[in-house]
Structure formats: C-alpha cells, structure tokens
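> Build the full structure now, drawing on both the sequences and the hints.
Taken in sequence, the protein lines are chains P and E. If you're matching positions, the first sequence starts at 1 in our numbering and goes up one per residue. If you're matching positions, the second sequence starts at 1001 in our numbering and goes up one per residue.
The hints are simulated quantities; they were obtained by calculation from the structure and are not laboratory data. Predicted, not measured: the structure shown is a model, and the values here were computed from it. The beta carbon of each residue, even a glycine, is placed where N, CA and C say it ideally should be. Be aware that a few hints might be false.
[Claimed, not checked] Now the in silico label distances, taken between C-beta atoms and shown as ranges:
{"hint": "1", "chain 1": "E", "residue 1": "S1075", "chain 2": "P", "residue 2": "S20", "range": "25 to 35 Å"}
{"hint": "2", "chain 1": "P", "residue 1": "T7", "chain 2": "E", "residue 2": "N1052", "range": "21 to 31 Å"}
{"hint": "3", "chain 1": "P", "residue 1": "T14", "chain 2": "E", "residue 2": "S1085", "range": "30 to 40 Å"}
[To be verified] Selected chain E positions facing chain P (Cβ under 7 Å, derived; list incomplete):
{"hint": "4", "residue": "G1044"}
{"hint": "5", "residue": "L1045"}
{"hint": "6", "residue": "T1059"}
{"hint": "7", "residue": "A1061"}
{"hint": "8", "residue": "F1068"}
{"hint": "9", "residue": "Y1080"}
{"hint": "10", "residue": "A1088"}
{"hint": "11", "residue": "Y1095"}
{"hint": "12", "residue": "Y1106"}
{"hint": "13", "residue": "D1110"}
{"hint": "14", "residue": "W1112"}
{"hint": "15", "residue": "Q1114"}
[Said to hold, decoys possible] A few chain E residues that face chain P, going by a derived Cβ cut-off under 7 Å, partial list only:
{"hint": "16", "residue": "Y1027"}
{"hint": "17", "residue": "W1047"}
{"hint": "18", "residue": "G1115"}
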Amino acid sequence: DIVMTQTPLSSPVTLGQPASISCRSSQSLVHSDGNTYLSWLQQRPGQPPRLLIYKISNRFSGVPDRFSGSGAGTDFTLKISRVEAEDVGVYYCMQATQFPSWTFGQGTKVEIK
Amino acid sequence: QVQLVQSGSELKKPGASVKVSCKASGYTFTSYAMNWVRQAPGQGLEWMGWINTNTGNPTYAQGFTGRFVFSLDTSVSTAYLQISSLKAEDTAVYYCARTYYDSSGYYFIDYWGQGTLVTVSS
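Put into structure tokens, the structure is as follows:
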C-alpha cells in the first residue's frame, strides 16, 4: 500500500496567520492514465470529513479561496492563507491512485494558539 | 443537493451482526460508486472499499474481506454495510462517501454521510 505521511501532526496557528501542511507519499501518485489522484479533506470536531481540494489543486464547491493545494509526484501541500476560527479541525490528504488500496494520511490537527 | 443520510448508532454484543444503511438523494444513485470508510475512536480514516452502484460489484480493501459485505437496494437509492461476527475492535464510526467522476474520467470522493457509530461491547 502507498503510505501517506503528513507533517506536522499538530499545527497551532494564530488567527489571521497562514498555515501549511505537507503530505508525502511513499511512491509516486501519478496514475498510468497520467492523472494524480490526491485530495485534501477537513474534519471539524464532531463532524464527518468534508472535501476541500481534489486533483492536487482544485477547490471543491463552496470551499473558500484561502485554501489552496499544490505539489506533484510524491510531495503535496495544503495551505491556508489566513486561518479563521472555523478552520479548526483535522486535515487529511488522501490518495486514490492505487486501487483497491486508497489511503489517507494520519491527519494534521489545526488549532488556534 | 447531494445528500447521504446514514442510519443511527448501534450497540451490539460481540459475535452479533450489524447492517448500516446509507440513503442517497439529489443525484442518480447508479451513476456513482459508493465507498465505505472506517474511523476508530480518536483515530484517522481507513478506506474499506467501494461498491459499483451500476453493477452491484463490490471491491474490498485488504483487511475488510470475509466479515464485511457491501450491498445495494437501487429501488430506494440505498447502500448497505453489513458486518458479521462483530468484535470489540470493530467499534468505530462508519461513513459512506460517494465517488464522483468528472467529464474527463477523473474521480474523487466528494460527498460524505454523517457517519454511523457502531459500538461492540458485552
């Protein structure tokens, strides 16, 4: 299975300041069809996961533009340009390149300082 | 709007079975696969597999074969997860989540159900 490793595991951030989460895969996420199946999810406390970013850098419907994704191959990043109180939660990267072994990162907890 | 509504929490004894439902609305049910994802208490997310809602063909991730069964009732746009011979370590929140395919064939999980807590305890 492809192992997804996120850093940091915890990110205390001041309101209005940026936050960045890294996700590294144990092998390239470039599929044989040429696409890279990498998404980012947000899970607020007590809530189900919510899709933020798909295909590395595409914001899902309704996601604020302070969220952005980037990367290629095995290294990916989620950035929050200015953290707001509602951004508190756990963020997961997820790969859907290797079927049937889709995997998630272990999660990064974003909290307010 | 797309909605996935799951059945309520379950408390089961070890050795029993449980069936979790996931009712879809707001889209054509048979056009998109349905995934199941497990989240143990305080832990991360684990993809269990998916079911092709057009053919009914399930695919299970490693570790989720044997006691786990995905099924459908397309007449009511509902997917099911059945777990048999329950163990304490099956205690978790189980989510259904849709796989969306865009016009180019790219796919990703987009919408999630609210989750169903299954507690296994004697």
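> Which hint numbers does the structure go against, in order from smallest to largest?
The structure conflicts with hints 1, 2, 3, 8, 9, 10 and 16, although it agrees with all the remaining ones.
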